[in-house]
Every structure is written in C-alpha cells, then in structure tokens.
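K.L.:
Letter by letter, the chains look like this.
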Amino acid sequence: MSETLLALENIGKTYNTGSFSVEVLKGLTFDIKQGEFIALMGASGSGKSTLMNILGCLDVPTVGTYLLDGKNVSHANDEELADIRNEKIGFIFQTFNLLAKYTALDNVALPLIYAGKDKTERIQRATAVLEKVGLGDRMHHKPNELSGGQRQRVAIARALVNNPAILLADEPTGNLDSTTTLEILDLFDELHQAGNTIIMVTHEEEVGERAEKIIRMKDGKII
Amino acid sequence: MNQFHPQVWLYNLIVAFEAVKSNKVRSTLTALGIIFGVAAVISMLAVGNGAEKEVMDMMKLVGSNNIVIQPFEGEEQEADGNSKQKQKYSPGLSLEDIENIQKTIPNIQNICPEIKYDLAIVANGKRIKSSVIGVNRAFFEVFNLEFSEGDVFSAEQVHSNKAVCVIGSNLKQRLFPGIDPINKQLKCGGVWYTIVGVLTGKSAAGKELEALGVSRYGNEVLVPIHTLLLRYKNKHLVTEQMINASHNEFDNEGNDDKNEPQEKEDHHQLSKITIQVADAEKISPTVQWLERKLFLLHNQRKDFEIKVPELLLKQQQNTKKIFNLVLGAIAGISLLIGGIGIMNIMLASVLERIREIGVRMAIGAKKKDIRMQFMFEALIISIGGGLLGVALGFLIAYSIESIFDIQTIISPSSVFFSFTVSALVGVGFGYFPAKNASDKDPVTSLRYE
Numbered sequence: 001m002s003e004t005l006l007a008l009e010n011i012g013k014t015y016n017t018g019s020f021s022v023e024v025l026k027g028l029t030f031d032i033k034q035g036e037f038i039a040l041m042g043a044s045g046s047g048k049s050t051l052m053n054i055l056g057c058l059d060v061p062t063v064g065t066y067l068l069d070g071k072n073v074s075h076a077n078d079e080e081l082a083d084i085r086n087e088k089i090g091f092i093f094q095t096f097n098l099l100a101k102y103t104a105l106d107n108v109a110l111p112l113i114y115a116g117k118d119k120t121e122r123i124q125r126a127t128a129v130l131e132k133v134g135l136g137d138r139m140h141h142k143p144n145e146l147s148g149g150q151r152q153r154v155a156i157a158r159a160l161v162n163n164p165a166i167l168l169a170d171e172p173t174g175n176l177d178s179t180t181t182l183e184i185l186d187l188f189d190e191l192h193q194a195g196n197t198i199i200m201v202t203h204e205e206e207v208g209e210r211a212e213k214i215i216r217m218k219d220g221k222i223i
Numbered sequence: 224m225n226q227f228h229p230q231v232w233l234y235n236l237i238v239a240f241e242a243v244k245s246n247k248v249r250s251t252l253t254a255l256g257i258i259f260g261v262a263a264v265i266s267m268l269a270v271g272n273g274a275e276k277e278v279m280d281m282m283k284l285v286g287s288n289n290i291v292i293q294p295f296e297g298e299e300q301e302a303d304g305n306s307k308q309k310q311k312y313s314p315g316l317s318l319e320d321i322e323n324i325q326k327t328i329p330n331i332q333n334i335c336p337e338i339k340y341d342l343a344i345v346a347n348g349k350r351i352k353s354s355v356i357g358v359n360r361a362f363f364e365v366f367n368l369e370f371s372e373g374d375v376f377s378a379e380q381v382h383s384n385k386a387v388c389v390i391g392s393n394l395k396q397r398l399f400p401g402i403d404p405i406n407k408q409l410k411c412g413g414v415w416y417t418i419v420g421v422l423t424g425k426s427a428a429g430k431e432l433e434a435l436g437v438s439r440y441g442n443e444v445l446v447p448i449h450t451l452l453l454r455y456k457n458k459h460l461v462t463e464q465m466i467n468a469s470h471n472e473f474d475n476e477g478n479d480d481k482n483e484p485q486e487k488e489d490h491h492q493l494s495k496i497t498i499q500v501a502d503a504e505k506i507s508p509t510v511q512w513l514e515r516k517l518f519l520l521h522n523q524r525k526d527f528e529i530k531v532p533e534l535l536l537k538q539q540q541n542t543k544k545i546f547n548l549v550l551g552a553i554a555g556i557s558l559l560i561g562g563i564g565i566m567n568i569m570l571a572s573v574l575e576r577i578r579e580i581g582v583r584m585a586i587g588a589k590k591k592d593i594r595m596q597f598m599f600e601a602l603i604i605s606i607g608g609g610l611l612g613v614a615l616g617f618l619i620a621y622s623i624e625s626i627f628d629i630q631t632i633i634s635p636s637s638v639f640f641s642f643t644v645s646a647l648v649g650v651g652f653g654y655f656p657a658k659n660a661s662d663k664d665p666v667t668s669l670r671y672e
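Protein sequence lines correspond, in order, to chains D and E. Mapped onto the numbering used here, the consecutive letters of the first sequence carry residue numbers 1 to 223. Mapped onto the numbering used here, the consecutive letters of the second sequence carry residue numbers 224 to 672.
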C-alpha cells in the first residue's frame, strides 16, 4: 500500500502561443502511492487539466521528471506514450467519450484491441469488467440507449479493462445528476477498496471530500 | 509492444469497412471517379488493342516486303506545269513493264501482275456481279493465301493456258452453298472455268485495305493471267460498251448492271503489279528504281502510283498509338480526379471524427493505428471502385464491340494495370488525410466540439 506509484519532481509546463508564453505549471513536486484515492481540486485555469494530461501521458512536461511505475516518461515519444496510456492508464471523462456506433461491450473492449489481444480474450475481459460495474444486462446496448450514469459506468469499465496502474477521472460526475453522482462515487469507493489507484479531478467540494486525500491547485502550484 | 499485431490490422480493416458502409451514398459517389477512370482506361486500351490487332492482321494480309504499283487515277502533274497540253502517249502498265522490271531491277523476289475484269459470274443456276482477276502462281505465296478446299492451279495448267480458277470463300458460299465446288464449272463473260481451289475466308476491313492497294479476294475468281489474256480482249481495248454488252448477254431481267461505274478509257493493260523484294531494307531503293524505270518506259508520264502497304500501315499504327496514348492520358486524368475526390472526402471524414480519434489515442491507439484506419478506408473506396470499374470497363468494351462493330481486346495486363493504379491512387490520396488524422493532438481532439 505504501509503494510510490507516481513521482513528480519539479514539473513545469509552458505553452508558447506565438509572441508570448504562458507558464501553466510551475515546478510541481509530489508523490502518489499505490492504492491512493486522490482528488485534484482547483478553480478553472489553475492548471489541473494540464497536470491531468501530463499524469495521463497525453502530454509531456516542458521541464521536470515524471516517474510512472518506476519508469521515467518525461521524454517519451508519441509511440511510447500511446503504449503507456494503453497499459498503465484508464481514462474517465466528463463527457464519457464513448464511440456512438459501438455497443457497450465493443466500447469496453477497445483498449484491448490496441493491446493486440485476440477476440476471445477481448470479449471475456470486457464482459467480466462490465459485470463488475453492474452493467451485465446492458452489454449490447449502444451509448444512446443508456442513461448518463450507465454511460459513465461503461466508460469506467473501459478504463478498467486493461488492468491499468492508475485511473484518471476528469470531472467524472460533471454531467450527472446528484443521485447518479453518488452511485458513481460509490463505485469509485469500491474500486479504491479493491486496491485501484484513483486520481479524480473535480471542482465540487462534496465530490472531492469523498477522496482519501485532496491536492489543491492554484495558479499552477500546489497549495 | 512494437511487434506486429494482426489483430490490430484486422480490427482497423473492419472499422474502415464499417465507416464506408455507414456512409454508403457518400462512399459510392466518391468511388464514382475511380470507377469511371478505371472503366475508361480498360475500354480505351481494349479499343486500342483491337485496332492494333486489326492492323497486325492487315499486315499479314498485305504480305511482307511488298510494293504495289497501280494505275494513277487522278490528274497527272508534270514537272513543267503545262499538264494538259502535251499528253504524250504512254503504253500504261503492261506485261512488258514486268519483263523490263525483272530484267533490270535487282532484289526482286516475286513479281505478280494482275488483270481485273468486272464481269457477271454464272454458276449453279445463280448469277453474281463480281470480278475475274488474272494472276500468276507467285501471287498466292506473296499474299499468304490459304486454301480451304483444293489447291492453286498447277504449273502445267498455267503453261497450257487451261481455263481453271480459284474462287474466294464468299463466292463459294453464294454460288455453292453446302456443295463441294471443286471441279464444278463457272462461267465468266462467256468463258467456262473449272474450279480447282477455294480460298479461306479472311476478315479485315475491306475499305481500309483497298486504300492500301490490297484486295480481299473473297468474292473474286482468280484465273491464270495468260489464260485470261487469251480468252478476253486486251484490257485497254475493252470499252465500256463491250463490258455492258457482256453483262447484258446474261441479263434478261434488265438489272442495274449498267449503272456500274466503268473507266471510260483505260490505257493500262494491268490493273495492278505487286512486287515482293528480298528484304525490308531493299524496299525504298527498289521503289526509287521502279519509279524512274516506269517513268521512262511510260514516255515520261507518271500514270502510275507506287505504294508500300506495309509502310502505310506502320504509319497508321503510329498514328493509332499516339491516339491511344492521348485517350489513355485522358482516362488517367479522370483517375487522378477520382483520387482527389477520395482525398476530399477523407479529409471531411477525419474532421467529422476528431473526437473519435482523440478517444482512440487516449486509450492507446498509436499514430500508425489511426493512420492505418483511415488508409484502409481510402483503400476500400479506391479498390472497390477499381473492381467496379473493371466490370464497367468490360461492359463498355463489349458495348463498343457490338454497337460500332470495332474489335476490342481486353488484355489481362490492362486490367492489372488499371487496378493497380486505382489501389495506388487510394494509397497516394489517402495518405495525406490519414497523416492529418494521426497527427492530431489527443488533448485538443478530446475537447473538440
């Protein structure tokens, strides 16, 4: 439980937009341990989304070192980043980001395709994880036939399917009503209890308080 | 993780198929450019190949290394310009010319004089307007004529001026349908001939061949030339009236024979001379010699013309080649436009699916996976279009053949070529949109509205 999973050291990110540059992250240093449930909070513009992108290997820091599961990923190229995202990270988005043309099962199995798994294994694992999030009876429905909460469960199942080291949830309850929000947070608790490491970006206090630990950000710094 | 994953390939292919399928109308419209391009290439090449084959067939028919001398039918022009005033006497093309040529001009392998009479032919109770041509034995060799029945008249038959003849395949069909014509009798202009041979049918465009100075020998009666000279009046002594009279002799119903165009005055004894030289390089010097020799023999009147059918055909072939090239280029341009159409649609398709691209990247799709997905989509459209185009090309070629009666030949190489080009168009014009898709930034793509 106490093993360090993520180690950030002096992480900075600067965006160059033509003539002037914006420093979005200013020398962040923190660790996240295996099995922690962390809420990343801050007002919009605080840099939490940028930090999220770097943690999720969608982007690389301008300066600093980012160790993920013991591996330095600060200078990885696009291909390596894609592999890391596939193997180590499960994304959960505010807008679910499911592919509308595919059934719940196909959406969940998608990461396994890019991992090169064969069809039998894909269906087996996707089915198992859908049952785990309580959607065993909705597997062959398309996203538009599901409620908001069910869609987010499909997205969570998709994030879990390749047994990632870390779950990254970007405002996972932002598009949900209060009842469904509670259901999803309960699911997060369950996953946390089962040993998953979760980082959740949110700006809602009551959502953030459900986490084990809160990291607050302001103007690109941790406060 | 860098190894080859057939699963990913297969998956990308399926995704591409589904994308094409879910936009059926759009995909079909996009493929139309390729379909028409490929169809155009295939049918154009088929027409071109057919024309080339026809020329080759004609080449065979005119024989190799032949020079044809015919009476000149147009206005004669003389060097000094006063053409009409001093028309000198010319004996015309005659057997004496033949002797002179044989004696003085080298490199001649065969020389075949022809005398042609347009006459009515009667046999088996039927009457047909056709011609009798007096030829020698070498004639059959020079023109590669083959026999379906019987054989050429023998040397003795020629020597003893026997009234024997060889008939063309058409004539056989019209006069002796289903009957063996060998040793049957045939009457032309008051002379009875015994049939000793029937030529095989040849199929080549008659008019084109005539322009080259070659006859078809399908409807004619071929007899030994000396027999002909012996049995009929010398050609330059035969007047129109006599010909008409000979026609009317058999013409009880008063047919339209009189309307038959005849030269008013023909001072030539021979209708045609065909000279075969030993090898192709000797053709042009021989033509020059012949020109000078005949000019002198004919009292400096140029009342003959010399043609080399082979060279004329080669010229024709070259013109046709250029024509084919131009047609091919036009077809190629339509393929190119088809390709641009694919690129256009693919770019739109990428733009529509930026969000999808972002999601796929977030969950582990590599750039090359995204690229592959869109490349497959372009390839499916172009290869599918290519296949339909091949089918349409066959249909067009077939229609051209049956409607315009032009020979078309679809060569496997033209199918292969146009199909390959359509696939290459897919790769070429699909690459840019696919690259465009794979270069998207996952962060901005995920937020794209």
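Just so you know, not all the hints are guaranteed correct.
As the list claims (entries may be wrong) - According to the in silico footprint, chain D covers these stretches of chain E (three or more CB under 8 Å from chain D):
id	stretch
1	234-246
2	569-583
3	587-597
No lab work stands behind these hints, which were simulated from the structure alone. Glycine included, every Cβ here is placed at the ideal spot set by N, Cα and C.
K.L.:
State for each hint whether it applies.
P.N.:
Structure-based check of each hint:
no. : hint    : in the structure
1   : 234-246 : holds (count 3)
2   : 569-583 : holds (count 5)
3   : 587-597 : holds (count 6)
Hint compliance for this structure: every hint is met.
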